[in-house]
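2 protein chains.
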Amino acid sequence: MSILVMKFGGTSVASADLVRRAAGRAIRAKQQGHDVLVVVSARGQTTDELIELAHEITDRPDPRELDQLVSTGEQISVALMAMAIHAAGYPAISFTGGQVGLVTNSIHTKARIQSVDVDRIRDEFEKGAIVIVAGFQGVDAKRNVTTLGRGGSDTTAVALAAVLRAEVCEIYTDVSGVYTADPRVVPTARQIDRIAYDEMLELASLGAGVIHSRAVEFGKKYHIPIHVRSSMTEDPGTMIVEEVGAMEQITVRGAAMTKDLAKVTICGVPDHPGVAAHIFHEIAVTNVVVDDIIQNISRDGSTDVTFTVASGDLSAIVETAGKLVKELGARGILTDKNVSKVSVVGVGMRTHTGVAERMFRALADAKINIQMISTSEIKISCIIDRASAEKALCVVHDAFGLGEKND
Amino acid sequence: MSILVMKFGGTSVASADLVRRAAGRAIRAKQQGHDVLVVVSARGQTTDELIELAHEITDRPDPRELDQLVSTGEQISVALMAMAIHAAGYPAISFTGGQVGLVTNSIHTKARIQSVDVDRIRDEFEKGAIVIVAGFQGVDAKRNVTTLGRGGSDTTAVALAAVLRAEVCEIYTDVSGVYTADPRVVPTARQIDRIAYDEMLELASLGAGVIHSRAVEFGKKYHIPIHVRSSMTEDPGTMIVEEVGAMEQITVRGAAMTKDLAKVTICGVPDHPGVAAHIFHEIAVTNVVVDDIIQNISRDGSTDVTFTVASGDLSAIVETAGKLVKELGARGILTDKNVSKVSVVGVGMRTHTGVAERMFRALADAKINIQMISTSEIKISCIIDRASAEKALCVVHDAFGLGEKND
Chain A
1 MSILVMKFGG TSVASADLVR RAAGRAIRAK QQGHDVLVVV SARGQTTDEL
51 IELAHEITDR PDPRELDQLV STGEQISVAL MAMAIHAAGY PAISFTGGQV
101 GLVTNSIHTK ARIQSVDVDR IRDEFEKGAI VIVAGFQGVD AKRNVTTLGR
151 GGSDTTAVAL AAVLRAEVCE IYTDVSGVYT ADPRVVPTAR QIDRIAYDEM
201 LELASLGAGV IHSRAVEFGK KYHIPIHVRS SMTEDPGTMI VEEVGAMEQI
251 TVRGAAMTKD LAKVTICGVP DHPGVAAHIF HEIAVTNVVV DDIIQNISRD
301 GSTDVTFTVA SGDLSAIVET AGKLVKELGA RGILTDKNVS KVSVVGVGMR
351 THTGVAERMF RALADAKINI QMISTSEIKI SCIIDRASAE KALCVVHDAF
401 GLGEKND
Chain B
1 MSILVMKFGG TSVASADLVR RAAGRAIRAK QQGHDVLVVV SARGQTTDEL
51 IELAHEITDR PDPRELDQLV STGEQISVAL MAMAIHAAGY PAISFTGGQV
101 GLVTNSIHTK ARIQSVDVDR IRDEFEKGAI VIVAGFQGVD AKRNVTTLGR
151 GGSDTTAVAL AAVLRAEVCE IYTDVSGVYT ADPRVVPTAR QIDRIAYDEM
201 LELASLGAGV IHSRAVEFGK KYHIPIHVRS SMTEDPGTMI VEEVGAMEQI
251 TVRGAAMTKD LAKVTICGVP DHPGVAAHIF HEIAVTNVVV DDIIQNISRD
301 GSTDVTFTVA SGDLSAIVET AGKLVKELGA RGILTDKNVS KVSVVGVGMR
351 THTGVAERMF RALADAKINI QMISTSEIKI SCIIDRASAE KALCVVHDAF
401 GLGEKND
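Sequences listed follow chains A and B, in order.
Last residue of the first sequence: 407 in the numbering used here, with the numbers rising by one and none dropped.
Last residue of the second sequence: 407 in the numbering used here, with the numbers rising by one and none dropped.
Careful, some of the hints might be misleading.
In the EDC-like style, the derived pairs of lysine to aspartate or glutamate whose C-alpha atoms are separated by at most 20 Å in a straight line are [unchecked claim]:
1) Lys142(B) - Glu124(A)
2) Lys142(B) - Asp117(A)
3) Lys110(B) - Asp140(B)
4) Lys391(B) - Glu234(B)
5) Lys367(B) - Glu327(B)
6) Lys142(A) - Glu126(B)
7) Lys142(A) - Asp398(B)
8) Lys142(B) - Asp119(A)
9) Lys142(A) - Asp182(B)
10) Lys142(B) - Asp140(A)
11) Lys220(B) - Asp193(B)
12) Lys142(A) - Asp119(B)
13) Lys142(B) - Asp123(A)
14) Lys142(A) - Asp117(B)
15) Lys337(B) - Glu377(B)
16) Lys142(A) - Asp140(B)
17) Lys142(B) - Glu126(A)
Some chain A residues well away from chain B (every beta-carbon gap over 10 Å; in silico) [said to hold, decoys possible]:
18) Ile27
19) Glu65
20) Glu243
21) Gly245
22) His281
23) Asn296
24) Gln371
Residues of chain B clear of chain A, computed beta-carbon distances all greater than 10 Å [to be verified]:
25) Ile57
26) Lys110
27) Tyr222
28) Ser315
29) Arg350
Everything labelled a hint here was simulated from the structure, so no lab data went into it.
In this text the structure is predicted, and so the values were computed from the model without any measurement.
The beta carbon of each residue, even a glycine, is placed where N, CA and C say it ideally should be.
Next up, chain A with everything else stripped away, as it sits in the complex:
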């Protein structure tokens, strides 16, 4: 029998009515002849409330105990979901991460899955039960409760789908799918029917937050189609799938914009081996996350190293940058806390030329100056002034005809 994994996020189970609605979906899938595994997140604000309880006790809760605490959020959700399915007259059973043999390493609050023992799930499938598993959590080898960090429930769902060789992993959320760009910014943005794992990974890292990168990586690694769709409608959403040749006919799948960035340039850095490693080691110890790094060729034995960070992190980084100028004998630093990044993503870029040129032309026609450029195999990003960010996203999106149905 084909296996279907359905994951419901916190907003999709935030009230008794929503739990019943999700239960109804699981039951319909069962009636259609699937074995159904449901993965559930903590309800609505539960995780935040639990973290607040911890902070009433201490500013720095022990990570092991924090996992012990917050994992109760998903345990509550799975029990309620199983009750709702029972109440509708169908067999169901809920499991915590530990009960279902989801074993992780011992890195609390951001554990990695090491193994999954799905015998218990298969036993319950054979009895005809819908199986409900708590997302986001596992246990380590000593049965300490661990949690998987941000997006952990998506990861649980895709990992279980992989081990069970599920037909598809459905991610139910409060949006209807993945869009060619943020529809709040780009009026012509359109929902994407099919997107390749690599494209989704680039878009996710650019802030298209419907599904976490780790879950997409699992899907890619184990060839699990992921269906991102709305919990409020029956409409199909976006399928995240294996790249096929036909997908390359579309050069650009989507566009994204990261609005609040700051740009830091260390000017006149002596150009010798190890300098970049030194700079970014010093920045790493400040715990600031660096977005993009750009270094062009050197002139007269020195070069300029530019990187971008979230604009809120700029002040934290300036002191370190100043220190680096002295240590390296660089000329000085330049900063700009009002930049944004606009990007286009598509696997078709690998085989099609002219993508960069079309993006730059669209920005030029709109009189938007490109301050920096960086590219990957399937992505082109431009740093621009923040005042033009929304406009830039719109003109780039429309330059590639993303608003038109073509996939």
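Put chain B on the given structure of chain A with help from the hints.
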């Protein structure tokens, strides 16, 4: 090193300040050289709130899923308690019932403990940690979460104390100990310093609700002294201990009153074998709990069977009683929904005479009519009119000088 078990009830950990206060107690016990095991209940209203969530989904939640749900209440408490001890600079680790190897049978919502594997606790003691264990819960052989029913956290504490051969099991609660009678009713009531397990069992079954009978039974079976005391003061409470010869010098340890009872008499029941079994089978299937049963000798081949139930259960039982009259060919039923029971308890009764006489004399002097009498080896109970209940408790309490320090 001597082992101390400390159990904190829900009211003793209901706020962050109270958790810190309880943590401070555990730390002081550790500083005094004990290995310390802390058992914690769900905080304040948490269990009720979780049950309410279940009832938003369904009127009849599946018992397994209800256990999965409500067990999160204690898990939250133990994590917060461990954080509070960490925050004060001491090592601590929290465990769920499952993590600490507390295995029960599979009777959800009222499971019985079958085995406890305390290796993990001993390991943590050796590392110097204070160990926090969730009360009220365990897992069955398949790692389904189970709960122990009413008073379950007390039972967890005493069971762990038994397996660890603890010096004492301290039960912290919102009262200062066990009293000779309910001090809200009897102004001269006095806290008892030491009480025998059997006396405590009789008083607990009479509604002296400071500790659950099952926990006392565990203490008795495994010879664990139980110290019932206030979480708000340093004053000693009541020690529940092995009976020793000196205890028999006190004929009566305490008095209790059960206020809201109803009395049902089936009159003229033909006196032949199996009749009582038939009557109380029919009553059992109505799920009404019978308090006392009294049957005197028969006259003219028939007898009267009287039993008491909670007065709220009377209407549920009348129909059954009427049906029994017809089936048995009895004469009819008499009911009185306004009776109460007053009792005295003491192991000294076994060896002292005159206890019953003194109790009956005290009631007679107060012009209180005794409607029914029943006794056990260490208890005498009288059924009286409810209007006299408080007065009866006071006169009986004082007739045995219970208000005077004598133990």
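Taking the hints in turn, this is what the structure says about them:
| no. | hint | verdict |
| --- | --- | --- |
| 1 | Lys142(B) - Glu124(A) | holds (13 Å) |
| 2 | Lys142(B) - Asp117(A) | holds (14 Å) |
| 3 | Lys110(B) - Asp140(B) | holds (12 Å) |
| 4 | Lys391(B) - Glu234(B) | violated (33 Å) |
| 5 | Lys367(B) - Glu327(B) | violated (39 Å) |
| 6 | Lys142(A) - Glu126(B) | holds (17 Å) |
| 7 | Lys142(A) - Asp398(B) | violated (57 Å) |
| 8 | Lys142(B) - Asp119(A) | holds (12 Å) |
| 9 | Lys142(A) - Asp182(B) | violated (47 Å) |
| 10 | Lys142(B) - Asp140(A) | holds (18 Å) |
| 11 | Lys220(B) - Asp193(B) | holds (17 Å) |
| 12 | Lys142(A) - Asp119(B) | holds (12 Å) |
| 13 | Lys142(B) - Asp123(A) | holds (12 Å) |
| 14 | Lys142(A) - Asp117(B) | holds (14 Å) |
| 15 | Lys337(B) - Glu377(B) | violated (28 Å) |
| 16 | Lys142(A) - Asp140(B) | holds (18 Å) |
| 17 | Lys142(B) - Glu126(A) | holds (17 Å) |
| 18 | Ile27 | holds (14 Å) |
| 19 | Glu65 | violated (5 Å) |
| 20 | Glu243 | holds (41 Å) |
| 21 | Gly245 | holds (47 Å) |
| 22 | His281 | holds (31 Å) |
| 23 | Asn296 | holds (50 Å) |
| 24 | Gln371 | holds (47 Å) |
| 25 | Ile57 | violated (5 Å) |
| 26 | Lys110 | holds (18 Å) |
| 27 | Tyr222 | holds (26 Å) |
| 28 | Ser315 | holds (30 Å) |
| 29 | Arg350 | holds (48 Å) |
Consistency with the previously given hints fails for numbers 4, 5, 7, 9, 15, 19 and 25, ordered from lowest to highest.
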